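Chains A and B are the protein sequences, given in the same order. For the first sequence, our numbering gives the first residue as 1, with consecutive numbering after it. For the second sequence, our numbering gives the first residue as 1, with consecutive numbering after it.
Worth double-checking, as some hints may not be accurate.
In silico DSSO-like links for lysine-lysine, alpha-carbon gap of 30 Å or less [said to hold, decoys possible]:
no.: 1; chain 1: B; residue 1: 224; chain 2: A; residue 2: 313
no.: 2; chain 1: A; residue 1: 455; chain 2: B; residue 2: 375
no.: 3; chain 1: A; residue 1: 334; chain 2: A; residue 2: 313
no.: 4; chain 1: A; residue 1: 49; chain 2: A; residue 2: 94
Hint data in this document are derived by calculation from the structure and do not stem from the laboratory. If you're wondering where the values come from, they're calculated on a predicted model, not measured in any experiment.
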Amino acid sequence: MITVIHSAGLHGLISYGVRVEVDLSQGLPGFDMVGLLGSEVREAKERVKVAMKNIGMPIPSAKITVNLSPADIRKEGCAYDLPIAIGLMVCLGKVPKGATAETLLIGELGLNGEVKPVRGILPMIRKAKEDGIRRCIIPKANEAEGAVVDGIEIYGFDHMEAVVAFLNGKAPSARPISVDLSALLRKEHSDVDDFADVQGQEMIRRAAIIAAAGFHHMLMIGPPGSGKTMIAKRIPSILPRMTPKEALEVSSVYSVAGLIREGEGLITQRPFLFPHHTITGNALVGGGQIPKPGVISLAHRGVLFLDELPEFKRPVLDLLRQPMEDKQVQISRKNGTFLFPADTLYVFAMNPCPCGYYPDQERCRCSEAEIHRYLSHISGPILDRIDLMCEVPAVTLQQLQNNERGMSSAQMREVIGIARKMQEKRFCGSDLRFNAEMNHAQIRAFCQMEAPAAKLLESLFSSMQMSVRAYHRVLKVARTIADLEASEKICEKHITEAVCFRNAGERYWR
Amino acid sequence: MPESGIGGKGGELINIVETETERAYLHFFGGTCALPRGAMRKLTEGLSGYEEAYRLPDQELNARLKDQQAFRIRQCKKQIDPLQELEVLYAKGIRITAPGLSEYPEKLAEIPDRPEVLYYRGNLPNADRPSVAIIGARRCSSYGSFVAQEFAGALAKENIQIISGLALGIDSVGQKEAFEQGGDTFGVLGCGVDICYPASNRALYRQLIASSGGVLSEFAPGTKAMAANFPQRNRIISALSDLVLVVEARIRSGTMITVSMALEQGREVMAIPGRITDPLQGGCLYLLQQGAGMALKPEDVLSALHLQCGGRVSVKAPHSKQSLHLTAEEQELWEVLDFTPQSPEELVHLLQAAHTGEPWELTKVMYHLVLLCGKGYVSQRGGRYQKLKEGLAT
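Start from the sequences, fold in the hints, and give me the full structure.
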């Protein structure tokens, strides 16, 4: 007698439906599992056997065959324990046959029958909904995460006995879980640092506003203790709130990485990641035999802050070239190509020289060659992809003692809101959300300059020997600056400000 | 004991037979075997030249030199043909000379620790024409490079040879301007003449070789630039010049080593004054306090050299006000700009303190700064801006 249970597998961030086919028949007793299985999937056999015995439903001696279809995709993970066990119970008549129709089952089993959480619930359930599944039975620990998807019934259980009871219709109190998505997204995050704590540093505050408004990558150069880290940590506080679509994207990445905390369904706060400079290439962009998302994907729709940029190994930094441009990472392995999103706001910080005090003639004792060697850790192509550069001056005692607080995050968000509205209006109906994402054709269409501004940029292009890429970057930043003033056209002062921010790095690398 | 070689034309070295073979052996001892100055002198004591030294029996060689040096010479003799080596040298465009040979600069021959061998590409300074060393900090300010340019250009136009070290900063700025004004300028290197150090001065290095100026060094071709070589090189810079002009230098710096050597050699030293708060001016101000000549305009240097301008070129003092074309707003900004770089943020604070009228915003300051950069009045250094020239609005 054959039973088919619906379950799901993961390929990178993409989920696919898996049919768990269980057959129990007369013959030489044995338990065979087929369907291109990873070793942890094959071990399910032992977990299922013992768990069923321990809840008082031992498997009789019979020939048992389990096939996970499609049989040509390699299966990984422990999510198939529960569907296999329930499939067997259907075969044994402990669960009525019709009860598992249009039902997705996911869960790892403990030897005592406990249902344990698995990773990747969110993309699996989103896929199940597309495939016309009506209800999902998932581990209790994952239920908040699953409930984020609406239009599908989610039931969370922490023990296999409860699942069996539910499928037998003996759990009248079980109700599908649901959450209010928009309420989740509206939640204020009180634990975020506020920009009001930053004193002075008007230039860098301005750069942060532009970066947040248009999603432009930025680089801060300054001596130790000038507040680079402090500023970077506050950038998420001024970014616009995540839309439901963005929140789902981010949560999917975290779900696959197994980083969603129990009881926390949706990632509603823009991520802020802060890896140490000893990070490896695989950890940064993602990797492993079965690729997992790297730090840049975990910072998707959020901020990735790389402090002490020249201390990163150059080959590691150079891995960022393609994701910075394409906003996704493609990792190819023998069992397929994996795509992870990486639409990340890169915030870089660095000292200007090994001792940190250049160009302060009094304090810096580095030779020209040392400074050059230090700066050359950052390759031209990476520099070329940074729209905003600024020098962070050391904070003076006067500024510290001055108790005047700077503009708060809420005030900055208000200014940024103006630019956000302009961009929403402009990109209405397209996939674009931020100015930084415009391609050449879109730049031509949307970056309309006033005549004097166009003339000015033309003269700056030749006098400053800009590259074509630099030209486009200046235009995109100028667009954001104009948006901050709700100006439809780009004027001269928008161009000059963009040029100002672009050129601040020139002294160091030319 | 024969007299030491002081005095150039005097002493035993006048006997050197000026032939290509002599140069070949000179290169053999001074370049291939890399004997130090003292050893070179001891080796040729009482001899007609290096060719004779080459033919000295081993015993005599051991008596004149340290064991290690004598051993090195014997090793080299076995492996290398001096005449062939000279061919290789010439093929690279490198010339060689020594005290006593006709093209060896007279001024250099005067000093007690003169180089016993001198390599050069291009030409050597002309003894009949005055020469001035323009030296200063590698990491100079824009004020320094502006002054170095003004002086080097004006002096070069007066047919004065500019000597310097081809280093970053003041050295190369001055030499570049002198070259561009059509003057002769000579770079004294702390490495072999076939090596361009720093590599970023490649263009200037090539220009000097191709021009009527040149590069020279006492170090054998192929010698890497080592820190210890530079004070050695500095004594040649001062020795070759009639006057040493210090543009910008810290109290403890290579430039000040050159100055102390210049004073030992009896050369005139002049310095350019600056602000007392600027660490880069420390050296200059110290020299002025000690009685060095104060150079306020290129004529000051000329009169120190007892030269007249000759009316051919009008030498303008660099601080004379030029007329700049500034708008009223730019003028306000110009007044708070300085020769030391300032960030737009600092400028906003200065402007707010200075003007009670319409408040200056960051955006407005950045707008005018970029326009002034475009006009060439202001330069950007990182995120900061500084004046490039002094002037008055018209």
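Self-check item: Agreement of residue 49 of chain A and residue 94 of chain A with the hint, judged by alpha carbon distance not exceeding 30 Å
Solution: holds (15 Å)
Quiz item: Is residue 455 of chain A close enough to residue 375 of chain B, meaning Cα to Cα at most 30 Å?
Solution: holds (14 Å)
Quiz item: If you draw a straight line from the CA of residue 334 of chain A to the CA of residue 313 of chain A, is it 30 Å or shorter?
Solution: holds (27 Å)
Quiz prompt | Hint consistency between residue 224 of chain B and residue 313 of chain A [alpha-carbon to alpha-carbon, up to 30 Å] | solution = holds (29 Å)
Comparing the model with each earlier hint shows no violations; every hint is respected.
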